[in-house]
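Asks: So you can see what is in the structure, the chains are spelled out below.
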Amino acid sequence: MLNYRDYLSYSEKYIQLAEEESLDKLKFLIPSILLSWIAIESFINNIMDDFGSLPEDLFELHERGLLLEKKVIFVDHGGEMGKFKLDYREYKRLGEKILFLIAKFSNLNKPYKGESLWQNFEDLRDTRNKILHPRRNIELELTVEKAYKYLETSKNIIQFVSTNVWRKKISF
Amino acid sequence: MKILFEENAKKSEKIEKLVSRFFKKVPTLENKLDVPMVIFQDGVNNSYYIKCQVLARIASKIIDLNAKIKAKDPESFRANRELMLKDTTYLKMELDAANGREFNDIIVEYNSEYNADKPLKVWGGQHRAHAISGAINSANRYHGFKVYFDLNEKQRTEVALISNTNMGVSDDTFDRMLEETTFGNTLRKWCQKIGFLGPKEDFPDVGSRSEKITVKLARSFIVNYYMGLDKGKTIKSEELDKNIYDPYVTETGVSIDSKYAEIMSEKRNKILSDKSLIEAGEKFLELHRTQYEAVKGNPKIRNRKAYRNKALVISVLCGWSYIAGLLQNHRARLLNHYMIPKTTSKIPDPLNAEEMSNFKHDSDLPTYRGLGTRQSAKDMQRLAQVFLAKSLSDTCTLDKQFLQKAVSTVVGLTTLKRGYV
Numbered sequence: 001m002l003n004y005r006d007y008l009s010y011s012e013k014y015i016q017l018a019e020e021e022s023l024d025k026l027k028f029l030i031p032s033i034l035l036s037w038i039a040i041e042s043f044i045n046n047i048m049d050d051f052g053s054l055p056e057d058l059f060e061l062h063e064r065g066l067l068l069e070k071k072v073i074f075v076d077h078g079g080e081m082g083k084f085k086l087d088y089r090e091y092k093r094l095g096e097k098i099l100f101l102i103a104k105f106s107n108l109n110k111p112y113k114g115e116s117l118w119q120n121f122e123d124l125r126d127t128r129n130k131i132l133h134p135r136r137n138i139e140l141e142l143t144v145e146k147a148y149k150y151l152e153t154s155k156n157i158i159q160f161v162s163t164n165v166w167r168k169k170i171s172f
Numbered sequence: 173m174k175i176l177f178e179e180n181a182k183k184s185e186k187i188e189k190l191v192s193r194f195f196k197k198v199p200t201l202e203n204k205l206d207v208p209m210v211i212f213q214d215g216v217n218n219s220y221y222i223k224c225q226v227l228a229r230i231a232s233k234i235i236d237l238n239a240k241i242k243a244k245d246p247e248s249f250r251a252n253r254e255l256m257l258k259d260t261t262y263l264k265m266e267l268d269a270a271n272g273r274e275f276n277d278i279i280v281e282y283n284s285e286y287n288a289d290k291p292l293k294v295w296g297g298q299h300r301a302h303a304i305s306g307a308i309n310s311a312n313r314y315h316g317f318k319v320y321f322d323l324n325e326k327q328r329t330e331v332a333l334i335s336n337t338n339m340g341v342s343d344d345t346f347d348r349m350l351e352e353t354t355f356g357n358t359l360r361k362w363c364q365k366i367g368f369l370g371p372k373e374d375f376p377d378v379g380s381r382s383e384k385i386t387v388k389l390a391r392s393f394i395v396n397y398y399m400g401l402d403k404g405k406t407i408k409s410e411e412l413d414k415n416i417y418d419p420y421v422t423e424t425g426v427s428i429d430s431k432y433a434e435i436m437s438e439k440r441n442k443i444l445s446d447k448s449l450i451e452a453g454e455k456f457l458e459l460h461r462t463q464y465e466a467v468k469g470n471p472k473i474r475n476r477k478a479y480r481n482k483a484l485v486i487s488v489l490c491g492w493s494y495i496a497g498l499l500q501n502h503r504a505r506l507l508n509h510y511m512i513p514k515t516t517s518k519i520p521d522p523l524n525a526e527e528m529s530n531f532k533h534d535s536d537l538p539t540y541r542g543l544g545t546r547q548s549a550k551d552m553q554r555l556a557q558v559f560l561a562k563s564l565s566d567t568c569t570l571d572k573q574f575l576q577k578a579v580s581t582v583v584g585l586t587t588l589k590r591g592y593v
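Line order of the protein sequences matches chains A and B.
Going by the numbering used here, the first residue of the first sequence is number 1, and it counts up by one from there.
Going by the numbering used here, the first residue of the second sequence is number 173, and it counts up by one from there.
For the record, the hints were derived by calculation from the structure and aren't laboratory data.
Everything numeric in this text was worked out from a predicted model, so none of it was measured.
Since no wrong hints were added, every one of them can be taken at face value.
Once the Cα atoms are required to be at most 16 Å apart in a straight line, the calculated EDC-like pairs of lysine to aspartate or glutamate come out as:
id, chain 1, residue 1, chain 2, residue 2
1, B, Lys589, B, Glu411
2, B, Lys532, A, Asp6
3, B, Lys572, A, Asp49
4, B, Lys577, A, Glu56
5, B, Lys414, A, Glu56
Using the sequences and the accompanying hints, generate a full structural model.
Replies: What follows is the structure, encoded as structure tokens:
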């Protein structure tokens, strides 16, 4: 099974291929950027799973909803009538998951959305969205330098979560 | 021959007589030259000894390589490690002996209490002693002996330990010696009773080369069982899965582990009759044997020693025995724990050794070698959780998803316990 280290390594490999390519660099830069994003997704989802696997009563229902990516619904019929429960799959945004993990499990209590780390993360997210939701009026302006920057952003976000949640630096 | 006591040695009539008797029975160079013999006394353990030279042909007839810690106990086994007669270093030693090399500082005890026709019990330099014996037809030289007299068990053990300290002797050999000296044969008898050892079998002197339980493993099993038992008494059933458990590895080598010593001082007389502990041991042995056979006889899995003996990996054994103790007061889960994990066409061995070895959590270093491969606190916590989670069901298979969830639980609980919630 692949993990975030694999995705980061593939991303880097694609950037290197783009560097070697003289004409059409985009065919390597696009997968590289997606892989940088996937590395964060993989890392964060696995941490969410770690907490999602704990006994239910250690978390509030809405927290479990976020951890397990399920919708909290109000039951209006049957044996559980009048109670809240987790129901169908409801995908959560990656950024929200990170905000939750930091707020819940770290002692970082200052806003960090204005810092360059988060700004870079949002930049990576926007570029990823442009790739995944293409339109003729959206121009992709990708460069090797940008791809390296996104790769670095991916590593920095992973390290940020690791040091705050696990309180340990990880090696890539 | 004049016999003197060195100035730091306290005079003892008994020792003087023993030394005198030794010289009457064993011809030495000192006897032949009629030089005075000095008796020394060890400053640490007060044992008495002399230094003398004995001819190879004489020595070869009276040296005993099967020295025992408990001289009078017929159940006491040979204490030294096995001879490595094919080792390159030994072969060179043998060649040197045949070519006339004189060896020195062979450590022996003069003791006729057992195997009386071979009173020189070898405690240090058994390879040199063996080489000398093998070379008597080629060379008959004088060799230097340090001969101890009137040793008690404690002194004997220490002589054995200090004589072997510089020779790369395994901790398993030290453990075996110290175990017998300190606690007698209770642990060995317990292992024989369970079936870990044959009726007349002793612990291996080098665990890594054998496929048997070692002193360290047996001690760890017992310590973890009782630690888990104590912990289990304080936990309600509904709280069992909300904790991280910390199995314990007993120290090995030249000192006795303090936790093990504590348990033995309290329970030494009960261990052989503690039915629950015996049942745990038997169930664990069943798991080990099933794993062993599943790997040995199955072409679907590589027949690697590490896979065959997965149950005997220290973190697996400690995690399993801790949970066996923990669940003594939670009978239904204990019975599930004692069930051998199910195998499938894709998972041919109950412990799924290959999958465990491939396992890696995101928080692990890239060099992490997998579950149940190391003697680390983290690995033991994870294995304890694997077995605890397994005890929730009687039809459990240790597949990849199961292992992932168990480790996720440990990582999640560890983070939660830091108290930032």
